[in-house]
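Engineer: Those sequence lines, one after another, are chains Z and H. Numbered per the working numbering, the first sequence spans residues 1 to 290. Numbered per the working numbering, the second sequence spans residues 1001 to 1288.
No wet-lab data here; the hints were simulated from the structure. Treat each hint with caution, since some may be false.
Unchecked claim - If we take Cβ atoms under 10 Å as the criterion, some of the chain Z residues that face chain H in the derived model are:
| id | residue |
| --- | --- |
| 1 | Thr16 |
| 2 | Ile20 |
| 3 | Ser26 |
| 4 | Tyr130 |
| 5 | Leu134 |
Every residue, glycine too, gets a C-beta built ideally from N, C-alpha and C.
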Amino acid sequence: MASSTDTLQAPVPRRTGARIWNRTLSVLMAVFLVNVALMIATVAINSFAKVWRGTWLPDGWTVSWYADAWKEFQLGGLLIVTFEVMFAVVALAVLLGVPAAYALARRDFRGKRLLLFLFLLPLLIPPITYGIPLATVMYQWHLAGNLSGVILANLIPALPFVILVMTPFIEQIDPNLESAARVFGARTRHIFLHVLAPLLAPGILAAALLVLVRTVAMFELTFLTAGPDSQTLVVALYYAMFAPGVRTSQSVDAMAMVYMCVTLVWLLIALQFVNPTQLVSRVKEHPQPA
Amino acid sequence: MTSSPGLAGADRTPWLAAPSAIFLLVLFIYPCLYGLWLSFHPTEGGMLANYTKFFSSERQWPTIFTTLKLALPATLINIGVALPIAYRMRVKTPGQKWVTAALVIPITLGTVLVAEGMLTYFGPKGWLAQALGALHLYDGAIRLTHNYTGVLISLVISGFPFAFLLLLSYVTGIDPVLGRAAATLGAGPWQQFRNIYMPLLIPGIAMCFCLAFVQAYSVFPSAVLLGAPAGPTRVISIAAYEAAFEQYDYPMASAIAMMMGLAQLVVVVAVLALRRLVYRGPVTGGKG
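Build out the structure end to end from the sequences listed, making use of the hints.
Structural biologist: Written as structure tokens, this is what we have:
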């Protein structure tokens, strides 16, 4: 790997044009990152500010907005709902998705392409497009407006995501291991528990964390299917922002900070195990031929 | 080797996919088909009443183009900026890891939180306006929120990292040996990009464009929170939402949702057709 970097960079004398171009790209990237960082910083600062109007920094500092937000927005209840939705979605997605991924990875069967298409579709169509017909159907079936409805709706993009992350992962596990276990008389259930599960654990962990991070931030589907007591943090945040003036901006920002912390904690954990590009695509890291 | 069910009878492994398939058929395919059916069964009038209403109402049909006017520039900006940067960062460096990790943050936080941050930061009295004023770069009133620009900026903030990470995974999937082989034959950096990488990247770029566009076209929370949802940024998803949850006219809402899907489909098909026109070859470049 090191040798490839050297050959790419060392011998070619850089022309000024190329240097300016590269500098421009770095500046563009820096401008983007700095602005996003400052934007997040304003939320953080405002949530601790007594008053902050048109000055560089607020006049005084306080933590009372957090207590306010906790009471006003019933953050305790919101957090519980958010965690319930998160873990239920992850558990169901893994439970249903991993066997499906196994079938796709190990067997060729009639209709497999169609099945793959079915699993790909919910990731290609944006949630708000299918969310409105979905909410219509779910309200008719009396599934929407409560916790189970929110969980089911969030499972729609989560399940295909697990399948598409896990399929290549299972493909690279040697099928001979299963065959060997079968030769020694292991039943399918035992193979799954004692041979596959340990081998799959890292992949499942990665898939679960990716789904977790995506579910906390999933606004549209939760928004369309949640009732008053099945809102998650991000939906409650939307409603708080939607009615400006009713709440002080500081307590809304305090709530935003709570949401941000919940999200970022999981993101930081996830980044220990997965490649950031996996959050947007299912492409897995390849060792590059040197 | 892969499918030897042995003597025990038919291989039942494919059925492991059944629960997932059934779930998606019931809660994804059925609602979509039901929505399509419902859109042709309006609360009043004939089969096409919803669609004629959509195209005759001044509040409805322009939303198609309002959304297009936001989504298309946003997608072009995102892809246009992300492509050269992703290409530049194709070689693995410690910097790459940090930048990609940093870029995941705005995606993870989601549009609602980005909107909350933008309202303060880009607002008329926010840090950006103050900084521009202090540097005397721009002294007039700065209006970057509650209008078209606000929504466009938010689409860039959430869309650029997405486009970048997706393109990066396509670019790094191309074997660098190809570029080096070209270099030994005397190709400069530009020629390497134009003749080696670009043809291999076209399918990835087309795919990325489609995904980024479809996402931008379904903009919802930021159009409400950062835009002017009554006028200039009354996007199509707002129209659908209002029909469903304010007028409780589900057939009309379904019709608008179908129009939204159709508009996305038209652009996606156009992009893929264009790709076929520009480039003939394997469908996937590298590991796409």
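Engineer: Given Ile20 of chain Z as an interface hint, is its Cβ closer than 10 Å to any Cβ of chain H?
Structural biologist: With a minimum Cβ separation of about 13 Å from chain H (threshold 10 Å), the hint on Ile20 of chain Z is violated.
Engineer: Given Tyr130 of chain Z was flagged as interface, is its beta-carbon under 10 Å from a beta-carbon of chain H?
Structural biologist: 6 Å, holds
Engineer: Identify whether the interface hint at Ser26 of chain Z stands, where standing means a beta carbon of chain H within less than 10 Å of its own.
Structural biologist: For Ser26 of chain Z, the interface hint holds, since the closest Cβ of chain H sits about 8 Å away, which is under 10 Å.
Engineer: Tell me if Thr16 of chain Z is really an interface residue toward chain H, meaning its C-beta lies closer than 10 Å to one of theirs.
Structural biologist: This interface hint is violated because 13 Å lies over the 10 Å limit.
Engineer: How about Leu134 of chain Z: closest beta carbon in chain H under 10 Å, or not?
Structural biologist: Hint holds; Leu134 of chain Z Cβ to chain H Cβ min 4 Å, cut 10 Å.
The structure fails hints 1 and 2 (numbered hints given earlier, in ascending order).
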